[in-house]
Amino acid sequence: MEEVRTRFAPSPTGYLHVGGLRTALYNFLFAKKNNGKFILRIEDTDKSRYVEGAVENLIQTLKWCELFYDEGPDIGGPFGPYIQSQRLEIYKQHAEELIKKGHAYYCFCSPERLAALREEQSRLKVPQIKYDKHCLKLNPQEVKNKIENGELYVIRLNVPPNQTVKFHDLIRGEVEFDTNIIDDQILIKSDGYPTYHLANVVDDHLMKISHVIRGEEWLSSTPKHVLLYEYFGWEKPQFAHLPLLLNPDRSKLSKRQGDVAVEEYRAKGYLKEALINFVALLGWNAGDNREFYYLNELIEKFSLEGVNKSGAVFDLNKLLWLNGEHIRKKTVDELLPLLKDELKKSKYASNNFSDDYLKLVISAMQERIDFVHEIITKSYYFFERPNSYEEKAIQKNWKPETPKFLKVLIEEIDLLNNPTKEDFENALNSVAEKLQINKGKLIHPLRLALSGTSAGPGIYDLLHILGKDEVKSRIQIAIQRISEGKIQ
RNA sequence: GGCGCGUUCGUCUAGUGGCUUAGGACGCCGCCCUCUCAAGGCGGAGAUCGCGGGUUCGAAUCCCGCACGCGCUACCA
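Numbering (the numbering used here), first residue to last: 168 to 655.
Keep in mind the hints are simulated off the structure, nothing from the lab. Just so you know, even glycine gets a beta-carbon here, dropped at the ideal spot from N, CA and C. Where hints are given, some of them may not hold.
[Claimed, not checked] Computed Cβ-Cβ distance ranges for the label pairs, DEER-style: (1) 483 <-> 331: 39 to 45 Å; (2) 555 <-> 519: 22 to 28 Å; (3) 589 <-> 637: 15 to 21 Å; (4) 500 <-> 568: 39 to 45 Å.
Work out the full structure: start from the sequences and follow the hints.
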C-alpha cells in the first residue's frame, strides 16, 4: 500500500482558526494512525490577504497543540519548498503544459468586461453565471502579439461542456457535477501567482499527498481539481470533506459570535489537551460513549468512517467542562509550571512562593477550578491576606460570641508545634469539646476569618496550607474586625 | 437564481431494518456525600428521529417528493 501522506494547507491570512485546528488535527490523526506523514504547506497565493507574522503564528500554535508535522516550511523535507510563493515557476510550467494540451488558455479580458458580463448574465437570469470563453477564440499569433505588447493576462482552465465529473468522497460517498455549471477557472492570475485550485492540485501531486482532508467549503470546487488531475494525467488523491464548524445560530463559525482563534482560547487559559479533545469530538466519534481523550488515544481510535456529515455547533459549555476534566486528571507536578506561568502574569509576580507551598495550594484547588488561573482568582487568599470579608457570610457566621471562640482556638493552636493537617483537626475538635459547641460554630467563622469567603477547600487543608503563624495572624485580624464592628 | 451537501434531546452525538418504551455526554433540576464550595455517586426533565408519501410482518435506519439550513457560485482561500 502507498504511504499515507496528509497535509494541512492554511493561508497566512491571520491566526489559526479553531476550524483550521480541527482540520489540522484530523489530518494529523489520520496520518499518524496509518503510520504516514503529516505535512504543513503554506498557501500564500493571495498577496493582498497576506498578514505579516501569520506564518510564524500558525507554526507556533500548531506546535503548542503538539500537532507536529513531518515536513514543513521551517523544517524542510524532500518535496520543498513548502511555501507556495516560493514555487511560482512550478505552477507556471504546469499551466503552460495545460495550454499545450489544449486544456487551458490565455485570457486577456479586463476585470471590467468580466464584471459587465456577470451583470448581463445575472440580468438575463441565466442558470449559471460563468465566463463566456471569449479569449478561447484567439489564434496563437494573436495571443503571442498581445503578450508581447505587454497586455495583462490570466490562464484559464478550458472546461469542456456536457460532461459529468464524478468522484468518491470518503465522508460523503459518490458526488457528481455537470461540467456545464463549472466556470473556466482562472489558474494563473495576472500577477503571475497561481490560484488555490492550480497550486493545490500541483502541490498535492508533487508532494505525494494521498488523502486530501479539508473543509466542506471545498466540495464544490473539487470537480475542477478532478479535471486538473485528469488533464495532467495524474492519479488523484482520496478526498474527504469535513463538516463545517458552526456558530450557535448555525451559521458558519465566525468571529462575531465568539472567539475563533486558537490563540485566544490559549490566552483565556484553555489547556491544549482540552481544546484538542473538544475539537476532535466536533464531527467525529469512535462509536462509543467516551468523551475524554488524550492526543495519543485519538490517534489510536481515529478513522474517517467515524466522521459525521453535518455541521457541528461549537459549544463553549462543553469545552469548559473538558478543561476542568483535564485539569483534574493532571498531577500536581504537571500543574505546577502552569500555575507558575499564571503567577508570573499576575500581581503576585514579584512574590516568591515555594514549590511545596504552591503544590499544596494546587491539590486543594484542583477539583474546584475550570482554569488554572482560577487558583489565583478564586483563592487569592493563598497569596495574600483577605482584603475583605463576604458580607453575607459575615451575617451568617460572625456572631457576638465568635471572638471568644476564636481566642480559645488561637490558644489551642499556639500549643502546636509544626502542625499537620491532623493536628489542626484535633485542636479544633478539642476546642469545640471544651466550649461545648458544634464544630460548625468554629469552622464557618474560621473559614471566613482565614479566607474572607465562605467557599473553598476543606478547613483543615486551609489551616495546614496557611500554617500556624499565618493562621494566628489572620484570626487576630478577624477578631479585631468583629469586635470593632468595622466590618466591610 | 444555479449547483452541491446536510437534517436524531437546547448543544455534541450513539444508532447501518426487529436487541430501542431511541442510548451516552455537556448544560439544567433534584437527592446523596459533607465544615463551605467543588469534585464524585445516584436520579429527573428534555428528541412525535425536519415534513409527507412509499417499500416491508416490522423503518431513525431503504426509496421518492417537499421543506428548511449550510456551502460554493471572485484574477479569496
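* Which numbered hints are broken by the structure, listed smallest first? -> The structure breaks none of the hints.
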